[in-house]
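Colleague: Sequence:
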Amino acid sequence: MTLDKNFDAARAEAEILARWLEAGAFRAGANASRDETFCIMIPPPNVTGSLHVGHAFNNTLQDILVRWHRMRGFDTLWQPGTDHAGIATQLAVEKELARTGNLSRREMGREKFLEKVWEWKEQSGGTIVEQLKRLGASCDWDREAFTMSGNFPDAVMKVFVDLYNKGLIYRGKRLVNWDPHFETAISDLEVENVEVQGHMWHFKYPLAGGETYEYVEKDLDGNVTLRETRDYIAIATTRPETMLGDGAVAVHPSDERYAPIVGKLVHLPLCDRLIPIITDEYPDPLFGSGAVKITGAHDFNDYAVAMRNGIELYRLMDTRGVMRADAAADNLVPEQYRGLDRFEARKLVVADIDALGLMDFVEDKKIMQPFGDRSKVVIEPMLTDQWYVDAKTLAGPALAAVKSGEVAILPERDKKVYYHWLENIEPWCISRQLWWGHQVPVWYGPKLKRDFLGIISGTTSVSMDETNLHEVFCAPSEADVIAQATKFYEDQGVRVKVVFAGDADVQRDGQIDRAKAALNNAKEGFIEITLFRDPDVLDTWFSSGLWPIGTLGWPDNTPELQKYYPTSVLVTGFDILFFWVARMMMMQLEVVKQVPFHTVYLHALVRDEKGVKMSKSLGNVLDPLELIDEFGADALRFTLTSMAALGGTLKLSRERIAGYRNFGTKLWNAARFAEMNGCVAGAVGVPKAEATVNRWIIGETARVREVVDKAFTEYRFNEAALALYAHVWGKVCDWYVELAKPLLQGEDERYKTETQGVMAWVLDQCLILLHPVMPFITEELWGQTGARSKMLVHGDWPTYGAELADGEADAEMGWVIGLIEGIRSVRAEMHVNAGAKVPLVALGLDAVALARLERNRVLIGRLARVERFEFASVAPKGAVTLPVEGGAFCLPLADVIDVSGELARLVKTLAKLEGELNGLKGKTANVNFMSRAPEEVVAQIVERIAEGDEEAAKIRAAMARLQALR
RNA sequence: GGGUGAUUAGCUCAGUUGGUAGAGCGCUUCGUUUACACCGAAGAUGUCGGCGGUUCGAGCCCGUCAUCACCCACCA
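Using numbering that gives the first Met the number 0, the letters of the first sequence correspond one by one to residues 0 to 965.
Careful, some of the hints might be misleading.
[Claimed, not checked] Derived SDA-like pairs (lysine to any residue); straight-line CA-CA distance at most 20 angstroms:
{"#": "1", "residue 1": "Lys665", "residue 2": "Tyr724"}
{"#": "2", "residue 1": "Lys4", "residue 2": "Trp728"}
{"#": "3", "residue 1": "Lys94", "residue 2": "Asp139"}
[As the list claims (entries may be wrong)] The following label-pair restraints were derived from C-beta to C-beta distances:
{"#": "4", "residue 1": "Arg109", "residue 2": "His201", "range": "16 to 22 angstroms"}
{"#": "5", "residue 1": "Asn330", "residue 2": "Gly108", "range": "29 to 35 angstroms"}
{"#": "6", "residue 1": "Lys907", "residue 2": "Val193", "range": "55 to 61 angstroms"}
{"#": "7", "residue 1": "Gly100", "residue 2": "Gly287", "range": "48 to 54 angstroms"}
{"#": "8", "residue 1": "Glu477", "residue 2": "Ala13", "range": "42 to 48 angstroms"}
{"#": "9", "residue 1": "Gly197", "residue 2": "Ser652", "range": "36 to 42 angstroms"}
{"#": "10", "residue 1": "Arg18", "residue 2": "Glu411", "range": "39 to 45 angstroms"}
{"#": "11", "residue 1": "Arg109", "residue 2": "Thr392", "range": "28 to 34 angstroms"}
Bear in mind the hints are in silico, worked out from the structure with no lab data behind them.
Cβ coordinates follow ideal geometry from the N, Cα and C atoms, glycine included.
Whenever a hint applies, use it, and build me the whole structure from the sequences.
Modeller: So this is what it looks like as structure tokens:
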């Protein structure tokens, strides 16, 4: 059977993948021959997502590490799985519902909606997994995990409850980042601050009761620059609509301009309210007017000021960012603004202020505006009840683990970023007003009125405390919460029966009404207590933060957990260092008191060829599946690998992928050549060789193995790819195959057999070493070129090294290759017809050079197209001279060469050489250099000068001969 | 405002303890030498952003400036 002319990636990839899967080649522990484990957790992609180039890159790197370790006999697990991705998935399903004319989420209700999400997940959830398989990702697919299935929800619930019981999770009413589109709170990290063109409006707030004061402005030297009587205080704002919720105007305590009116009241325009002028450290006297309106419920800074000074908070908007129109807001939002979108309200407020003559002036200004990272709408600070994690406490161990070196972060510089974030961490808001996710395991029950407790006797009625509405029960399951609540109430002397009544309601203003927690009066000796569950779900990152232990079966102490935890390395993009990496560190360290992994390798983000982030809206997305269809998975993988330098960004282009597709073809054809020349693979062990070329290529192979291993060890994937490329194409294909041809096709059976064996071995080594990067084509060739005891995916990674290097062979091949290149170069430059065979004259060769020539004259003759060899002591007329180590060669080209052309060539060569030599000689003449530079360096330079001088002398001699010819 | 990184051949980028620069693509010339035209051979191209400094020696270390990118941040 002869190999086809090209590798048919589309056909072979599907077949090979099926064979791997069928053989269970990727299962945990497959091919393990030692006790050491190697485990990687896949960064779980969104369950309903599809593969983009970033995934392809990320998973290629992981697959390389995994395949490499598996071939080296490590007990290897690559744990796959997907993330439920709360907001993203809920959004996708809502869109789908709208598109297909279904009821909306709210119309169908929570239970029904969640059914739809699960349907959607079943339907589209397998896509990305199949795509990862096409990439060649060798995950243990039998262990595929999902953050909403199996033990995972239990793990999440248990962690929530444990943290709650330790006081590390708590509920708080405070300002959060509110997304008016999704109508949920989001964390700081999900907010993107973007600079936009905005305005700053300067308003005049009149003093109450028509009071006036003398306003005096001074320059830095204390000279008065302005003095006038004012009946107002000027404030500036970028968000005029929030003025309706102002609770005060603040000035800096040192600001003399306003000292006369501190403590007085101003009349808030448009609202029938008086608010005080207070002092606080927050206002900057040098910025704007120096006076700041304080809207505690709609601005984070103002909130802090309001808290410090006991200023009232007025919440102006509902969950959609619409000015409140509910009854409670009757006295707050003036009628004309109610029900208006916040941006509409802004226009109206500005117009109304202007109409009142209170508009001081307006300026254009670039402002930083917060946007939701998924919704892309302007985020509104909102006062709501949310669940928080005490991140500061959890951050301590996460910081220590990296500082101590227990966990390494690569590239090193990202450590600083990690430190900075953890050292300044804020409480983590983990509750989301969504439906798709892990529902908070908290139930609310009625708070019993203490007055009654004393008289409860089992038949007496009990009432609720209407002023303090609920008791909180946090437990991992309904059964547990029943037990907990029953005990709680019975401890108060009440016999109860606990029932559930669904979730507490979320009203449109975002306040959870827990008053529905209820109780019925005594029946048959007990009281019925109704519990309502907190409707919120947890931030997706709360659950994915438990990915390492959760996928291994925690909270059960499974064999996998014992064996593979802590995992080895986390491979991910630096964009989720905070979102995910830091959270995993914090949570794993808190929950199991052990780091989740020992190394974090942060790779670049993939951009398009112009360096722009790929996005659907820009239309610059390269679809990895299309690239795989066109070029094959291996070409894509090799390309990504070759560009995986530590840090930075990765710009992907189709041309480059095509180039590496060609590399695969090159390898394929080298194998094809070997096959056509009777090189049968499959022999075990490093072959013994006598021929110089064979000894040389064996050494080269050992060298590249060392380079590749070192590069993988240091996560320098691009260096491994580069070394393999240079070896396979530059050494094996360009030289070894060519040099081997005379031996393979010659008469000496001994050399022929030896070379067949060596070539088969060399190509096998190429396949093995390339396999982690290019698994498909190498597996295919492995199968087609010999009888194998096992698939290449379980091939034995070699351990040979320097002991296979043969200095003598290296030197000789270097000499031969140099000569051949020299001859080719001269021929090309002299425009000697490529087909023309010329004689080569050896000139004054020493014994070593002579022996080298004799051993390799067939090779040289063939590769340099030399017809015959002659020996002379004097260079023939009209010859071109090639200096070599131990002598020189001449090409007599008198009738073909252009003498002045050759002279020009020599002049150029000599000039270059002399430039180099002069530099080096300058150094040796420098006393400082000679006395301070290391001996090795000096010796090297001296040697190079000697060589160079010799070479220059030969060139000069050749020039003299040519001169004589003219 | 703080921080980080980048600036090297026409393009995209490597360059790991400082020893006078590399790859891929592109470009030029030549080539049906039966593995491969997704190929082969030969070739051209860089004051390594500017300016200073340390050093025998700097793309690499230090300072500074310029331009760009990204991250973080509450200036109304």
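Colleague: For every hint, state whether the structure bears it out.
Modeller: Hint check:
This hinted pair checks out: Lys665 and Tyr724 have alpha carbons roughly 10 angstroms apart, not beyond 20 angstroms. A C-alpha spacing of about 17 angstroms is found between Lys4 and Trp728, which places the hinted pair at or below 20 angstroms, so the restraint holds. With a C-alpha separation of about 33 angstroms, the suggested pairing of Lys94 with Asp139 is violated against the 20 angstroms cut-off. For the pair Arg109 and His201, the beta carbons lie near 47 angstroms from each other, so the given range of 16 to 22 angstroms is not met.
For Asn330 and Gly108, the Cβ-Cβ distance of about 34 angstroms falls inside the hinted range of 29 to 35 angstroms, so the restraint holds. A C-beta distance of roughly 57 angstroms is found between Lys907 and Val193, which places it inside the suggested range of 55 to 61 angstroms. Range check, Gly100 to Gly287: Cβ separation about 51 angstroms, and the 48 to 54 angstroms hint holds. The hint said 42 to 48 angstroms for the Cβ distance between Glu477 and Ala13, and at roughly 47 angstroms that hint holds.
For the pair Gly197 and Ser652, the beta carbons lie near 38 angstroms from each other, so the given range of 36 to 42 angstroms is met. Checked against the hint of 39 to 45 angstroms, the pair Arg18 and Glu411 passes, with Cβ atoms roughly 41 angstroms apart. At about 33 angstroms, the beta-carbon gap between Arg109 and Thr392 stays in the expected band of 28 to 34 angstroms.
Consistency note: the structure conflicts with the earlier hints numbered 3 and 4.
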